Amino acid sequence: MKDNTTILTIITYAVLLTAVSVLLNDIREFDLQQFKEFQNWAKSADKSESWFTSKNAIKWSYYAISAGLFFWRGYLIYGFTYFLSILSEVDKGQYFSDKNISYFKKIGNIFIWYAINVLVLRFLLALIGKSSFDFFTELKTEFSLLIPCALAFYLLAEIFKRANEFKKDSDLTI
Amino acid sequence: MPIIVNLDVMLAKRKMKSKDLAEMIDITTANLSILKSGKARAIRFSTLEAICKALDCQPSDILEYVED
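Quick note, the sequences are listed as chains A and B, same order. Numbering follows the working numbering, with no gaps: position 160 of the first sequence is 160. Numbering follows the working numbering, with no gaps: position 9 of the second sequence is 1009.
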């Protein structure tokens, strides 16, 4: 079991490092490309135009939403770090500990929050960019895996909770 | 819990120490302490049988039902 958890920990670290490096690269590319466009636009902008109705506001909204998308991706990666905590508990032999139950719930919560918030932000981005947004297509393509995974983690948390109760019963049977 | 464990009383009657009983029935003193304090959720028939044999008593001498 020790060897299996070690292998799984290494795999989780590799996945996490890859995800973080991809996210950092995306942030770097986003800054370089988008900020230059914004600077060019700012130079030629009509100064008399009011701020809220101007392209300026729309641009900043776009930036804020894009930054929000990065934040939620980071949050999802943070969710994956809980796997390391679960593996650490398993390594100690505490399979059905209260900590593991709470970690499973937290992962489920993070997956659900990520799915909902990214969906909303993508909708807002499409609204600002005046591009088409098909709710069900987005839901199907991007989140068909995350939402069932979140539900599976809630289920695991419930199963582990029951197992924990049975274990306590078993430990207190003399 | 309405089930009272009177193991202390029986041990006193037989003038036996908990440690000796634990050794006789082959359970740890920690588990015997759980049983004596009433924290146990269940007792195996095999344990009950061993206790009855060691203390020369009936299960009713050890377990008692008291309504809450």
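Since the hints were derived computationally from the structure, they do not count as laboratory data. Where hints are given, some of them may not hold.
[Unchecked claim] Interface residues of chain B toward chain A, partial, derived using beta-carbon atoms under 10 Å: (1) 1017; (2) 1040; (3) 1043; (4) 1047; (5) 1063.
[As the list claims (entries may be wrong)] Selected chain A positions facing chain B (in silico; Cβ < 10 Å): (6) 98; (7) 169; (8) 174.
Quick caveat: nothing in here was measured; it's all calculated off a predicted structure. We put the CB at the ideal spot given by N, CA and C, even for glycine.
Against the structure, the hints come out as follows:
| no. | hint | in the structure |
| --- | --- | --- |
| 1 | 1017 | violated (18 Å) |
| 2 | 1040 | holds (5 Å) |
| 3 | 1043 | holds (5 Å) |
| 4 | 1047 | holds (5 Å) |
| 5 | 1063 | violated (12 Å) |
| 6 | 98 | violated (18 Å) |
| 7 | 169 | holds (5 Å) |
| 8 | 174 | holds (5 Å) |
The structure shown violates the earlier hints numbered 1, 5, 6.
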